[in-house]
Amino acid sequence: MSVFDWIVQVTGIALAVAAAPVFVGWVNQCRAWLQNKSAPSILLPYRGIRKLFHKDAVIAVNASPLFRLAPYVVFGAMVTAAAVIPSIATRLPFTQAADAIALVGLLATARVFLSLAAMDVGTAFGTMGARREMMIGFLAEPALLVVIFVVSLTCATTALPMIAERLSAQSFALNPSLAFTAVAFTMVLLAENARIPVDNPATHLELTMIHEALLLEYSARHLALMEWAAALKLFNYACIGFAVFIPWGIATTHAPVSLAVSVVLLGVKLAVAGAGLALIETVSAKLRVFRAPEFLATAFLFAVLGLLVRLLLGA
Amino acid sequence: MSYALDSPLMLCLLLLTAWSLVGLAGLARPSSIAFAGRTLFPLGALLGVGLAVAAAMNLNHPAEQLVLPIGLPDLPVHLRLDGLSSIFMILLGAASAGISIFAAGYFRQGEGTAPGLLCLQYHLFLASMGFVLLADDAYAFMLAWETMALSSYFLVTTQHRIPEIRQAGFLYLLMAHLGAIAILLSFGVMQGGSWHFTFDAMRAAHLDPHWATVAFSLALIGFGAKAGLVPLHVWLPEAHPAAPSPVSALMSGVMLKTALYGMIRVSFDLLGQPMWWWGLLPLCLGLFSALYGVVFAAAQTDMKRLLAYSSIENIGILFTGLGLAIVFAGVDMHAAAALTLIAVMYHAMNHAFMKSLLFLGTGAVLHATGERNLGHLGGLIHRMPWVAWLTLIGVLAIAGLPPLNGFVSEWLLLQSFLFAYKVPHPFVNMLLPLGAALLALAAALAGYVMVKFFGVIFLGRPRESTLKRAHDAGFAERLGLAWLALGCVLLGFLPTHVISLFSIVTRELELGGLPQSDAPWWLLVPIPERQSSYAPLAFFAVILIVVVLAFVSVRFFYHQRIRKGAAWDCGFGRLNSRMQDTAEGFGQPIRHLFQPLFAIVRELPSPFDSNPRYRLEIGDRIWRALYQPLGAFVRQIADKVAWLQQGRIATYLLYSFVTLVVLLALML
Numbered sequence: 001m002s003v004f005d006w007i008v009q010v011t012g013i014a015l016a017v018a019a020a021p022v023f024v025g026w027v028n029q030c031r032a033w034l035q036n037k038s039a040p041s042i043l044l045p046y047r048g049i050r051k052l053f054h055k056d057a058v059i060a061v062n063a064s065p066l067f068r069l070a071p072y073v074v075f076g077a078m079v080t081a082a083a084v085i086p087s088i089a090t091r092l093p094f095t096q097a098a099d100a101i102a103l104v105g106l107l108a109t110a111r112v113f114l115s116l117a118a119m120d121v122g123t124a125f126g127t128m129g130a131r132r133e134m135m136i137g138f139l140a141e142p143a144l145l146v147v148i149f150v151v152s153l154t155c156a157t158t159a160l161p162m163i164a165e166r167l168s169a170q171s172f173a174l175n176p177s178l179a180f181t182a183v184a185f186t187m188v189l190l191a192e193n194a195r196i197p198v199d200n201p202a203t204h205l206e207l208t209m210i211h212e213a214l215l216l217e218y219s220a221r222h223l224a225l226m227e228w229a230a231a232l233k234l235f236n237y238a239c240i241g242f243a244v245f246i247p248w249g250i251a252t253t254h255a256p257v258s259l260a261v262s263v264v265l266l267g268v269k270l271a272v273a274g275a276g277l278a279l280i281e282t283v284s285a286k287l288r289v290f291r292a293p294e295f296l297a298t299a300f301l302f303a304v305l306g307l308l309v310r311l312l313l314g315a
Numbered sequence: 001m002s003y004a005l006d007s008p009l010m011l012c013l014l015l016l017t018a019w020s021l022v023g024l025a026g027l028a029r030p031s032s033i034a035f036a037g038r039t040l041f042p043l044g045a046l047l048g049v050g051l052a053v054a055a056a057m058n059l060n061h062p063a064e065q066l067v068l069p070i071g072l073p074d075l076p077v078h079l080r081l082d083g084l085s086s087i088f089m090i091l092l093g094a095a096s097a098g099i100s101i102f103a104a105g106y107f108r109q110g111e112g113t114a115p116g117l118l119c120l121q122y123h124l125f126l127a128s129m130g131f132v133l134l135a136d137d138a139y140a141f142m143l144a145w146e147t148m149a150l151s152s153y154f155l156v157t158t159q160h161r162i163p164e165i166r167q168a169g170f171l172y173l174l175m176a177h178l179g180a181i182a183i184l185l186s187f188g189v190m191q192g193g194s195w196h197f198t199f200d201a202m203r204a205a206h207l208d209p210h211w212a213t214v215a216f217s218l219a220l221i222g223f224g225a226k227a228g229l230v231p232l233h234v235w236l237p238e239a240h241p242a243a244p245s246p247v248s249a250l251m252s253g254v255m256l257k258t259a260l261y262g263m264i265r266v267s268f269d270l271l272g273q274p275m276w277w278w279g280l281l282p283l284c285l286g287l288f289s290a291l292y293g294v295v296f297a298a299a300q301t302d303m304k305r306l307l308a309y310s311s312i313e314n315i316g317i318l319f320t321g322l323g324l325a326i327v328f329a330g331v332d333m334h335a336a337a338a339l340t341l342i343a344v345m346y347h348a349m350n351h352a353f354m355k356s357l358l359f360l361g362t363g364a365v366l367h368a369t370g371e372r373n374l375g376h377l378g379g380l381i382h383r384m385p386w387v388a389w390l391t392l393i394g395v396l397a398i399a400g401l402p403p404l405n406g407f408v409s410e411w412l413l414l415q416s417f418l419f420a421y422k423v424p425h426p427f428v429n430m431l432l433p434l435g436a437a438l439l440a441l442a443a444a445l446a447g448y449v450m451v452k453f454f455g456v457i458f459l460g461r462p463r464e465s466t467l468k469r470a471h472d473a474g475f476a477e478r479l480g481l482a483w484l485a486l487g488c489v490l491l492g493f494l495p496t497h498v499i500s501l502f503s504i505v506t507r508e509l510e511l512g513g514l515p516q517s518d519a520p521w522w523l524l525v526p527i528p529e530r531q532s533s534y535a536p537l538a539f540f541a542v543i544l545i546v547v548v549l550a551f552v553s554v555r556f557f558y559h560q561r562i563r564k565g566a567a568w569d570c571g572f573g574r575l576n577s578r579m580q581d582t583a584e585g586f587g588q589p590i591r592h593l594f595q596p597l598f599a600i601v602r603e604l605p606s607p608f609d610s611n612p613r614y615r616l617e618i619g620d621r622i623w624r625a626l627y628q629p630l631g632a633f634v635r636q637i638a639d640k641v642a643w644l645q646q647g648r649i650a651t652y653l654l655y656s657f658v659t660l661v662v663l664l665a666l667m668l
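As you go down the protein sequences, you meet chains F and C in turn. According to my numbering, numbering within the first sequence proceeds without interruption in unit steps and concludes at 315. According to my numbering, numbering within the second sequence proceeds without interruption in unit steps and concludes at 668.
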């Protein structure tokens, strides 16, 4: 591994960390347009984060060190995940450290820390949020893993960069098992990132929310890190989706031209995906919390169906 | 003596004998806590470390055998130390070292059995587990197995004055003996007509496939009852809460693994080449146990019962892997079988450390607060930081989160499931990968359970005012917890080294090791052609770097001002600790989702009750559907047979007379 590889790697991480709030801003902008509202600036999430960093942190008197540690761990886990996912190039040095299954484990680590931190202060909303977050998580995680199994069986590897390379080498054809898993993956993405129909990112009505309930006790820099981590999580999920379902354009060599093309294509993919996400959120209604398991069970079954189709037809 | 130290087997034997002697020494001053605690238990821990080292020394040697001329005439005791028993001996020694150190500070005055006697039972239990691993003939094995069952029975019933504990102990003893009968019968089938009960004779016997199947099924029942495989799991959630915490840790962490050892020994060693379809039974039962255990764990309100159900889940994972390995070995997919078996042994080792750590953590909480019910705990991270942070390591490990150890074995197991589509049998090759999906579901649910476990005990506000007096664990207890937590971390960070130890066993079982890869030591690449890799250390390093960078740069670019305030109560103003989620509440989504599995009895108050009462009882459907009718049936038969007991000597003499006449008639 040359120095140049590491430069590309670090640039990629920095790009992901920097682009994530913009991506969230773009989704919000699209959603506002679709709802006939005047859209906020695409940089609004950045301004929010900056504002939070400037504020004084207020922490509950009975918060433990775990509460203050958690935002850093969650943020760290998300940045590590961004380092593992082949978003602009596949031949990066750090991608070896984890395959797709380990990536799912990493996302679970972040979730567990988030939930533990929410339980730390001991308010009703925090613990309720933790319970709901873990409920969503234990259903979404196996669905995501089955999605990964399907593509690993197709590509004979569980390493995400290899999956992206092998799938992009194939000519484009509608692959039935991948179609099923794509539906499953989209549903998992919606659930895991607190999007409608499972959760509403714009709500502050305590009884219906999940993600906001977890963060209720956080303020200032801790909240900023948590928000940033949430944006990174959405970005990471989008990039996992690109690597698995539309891998074309991700650079397989480190020639400057292919890297540049890859970055531009990533931008285009993100723009389209963000618009699609906004569309889904606009046309669907939020489910009651107890409908969420059904939604995720459907995702799980779609993924299992994809697995069966893959094994039956070999396609 | 020099001979003894040259041979790891002799060394192990000496150390096991020393364990028994340490136990006997406890009888010298039976009522002295100080003697047992300060001297004998730490000594036992040292012997445990020694045992682990001795067994590790043996790993690169060929198997060693020894015949001891003790026991019945013409029936000497055969002992053997090979790779498989060495691995489990390491597990026994290393995990019990931590538990013994903890126990040194744990046992207090006035807890039922006198400390000296407890020390004897405890060390006999340890030594008998060691002899189970060394035994090389059916007699020695059964002798050690029964000693293990009996000594642990007495340990479970330490507080024998409480009727529930006596009941739990009885159930345990009953299940242990049902299992022992099945194992005995299995050995009886495996000797294959030679009437030699050494394991060598069993290896040499060529069994008819039908008889081999019978032997395998009997072994599965016997070892499954000891391991707590559903539906033979009923004793586990009763016995674990009844026993003192170090004993629960030892039973759950180590004793259950002897059953796994027995199963591996029978299926891969004594029976020779297993048939592939044998594997389907442990596989299905294992998957069911994993899901059943974890779903019930989520619904528990007693912290030790919760952990007991979590043990059922982990046993389920182990047997799933074992079944998969048998399927692979049966269809000659040796590399896949080796990988799966390595994953199973890895998980057994992990579970020994993490479950012991959690049980000891509950022990420390129990001592500090006197509470086992999750509904009366909370906020203990402030009062007992040592216990809380060390337990957190175990919680993260058992939830299967990288970079700790629980993740590595689950990762390996999922990797081996991805070979399953190559099994050359239709339908089976399609259904097997679905097992991976169920395994993933169980693993994710384990995360839920562990967040509940840790969050309700250690986080939030204290649910009772008495918790303010809780104190942190003493030095010996902390040391024991730290030892086990260190084990979790090392097993997680150095997977390549651990796996190279396990491949010695798979090579010995003629499955071959893992393929050689030119990956560096910190990178785990189990299947080179699949290019799946995992590097826990790099993982951890990057997270750590980002955490530190984020921390430092926030301080550098902004500020570090912090204010303390009351928790946000939405302007209500009277927030109290009773408003937190309870353990029941936290488990409610699971209860709701998996309703058919539970037998739920619920009493709701009517609006007009002057003294409203809400009662919720969650029962085990298997207990009601299988064990209660069985128990009633046995009782009925016993009532009928009781007619024979007339209580008059004349009648009994008549019975003897009739028996003699019948025997004579048969002989003539």
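FYI, nobody ran anything at the bench for these hints, they're computed from the structure. It is possible that part of the hints are untrue.
A few chain C residues that face chain F, going by a derived Cβ cut-off under 10 Å, partial list only [said to hold, decoys possible]: (1) E464; (2) R478; (3) A535; (4) V554.
If you're wondering where the values come from, they're calculated on a predicted model, not measured in any experiment. No residue lacks a Cβ here, since even glycine has one placed at the ideal position from N, Cα and C.
Can A535/C be said to touch chain F, with a Cβ gap under 10 Å?
holds, 4 Å
Was the hint right that R478/C lines chain F, CB cutoff 10 Å?
This hint is violated: R478/C lies away from chain F, its Cβ roughly 18 Å from the closest one there, beyond 10 Å.
Interface hint status, E464/C versus chain F (Cβ within 10 Å)
violated, 13 Å
Let me know if the C-beta of V554/C comes in closer than 10 Å to any C-beta of chain F, holds or violated.
holds, 5 Å
In summary, the numbered hints that this structure violates are 1 and 2.
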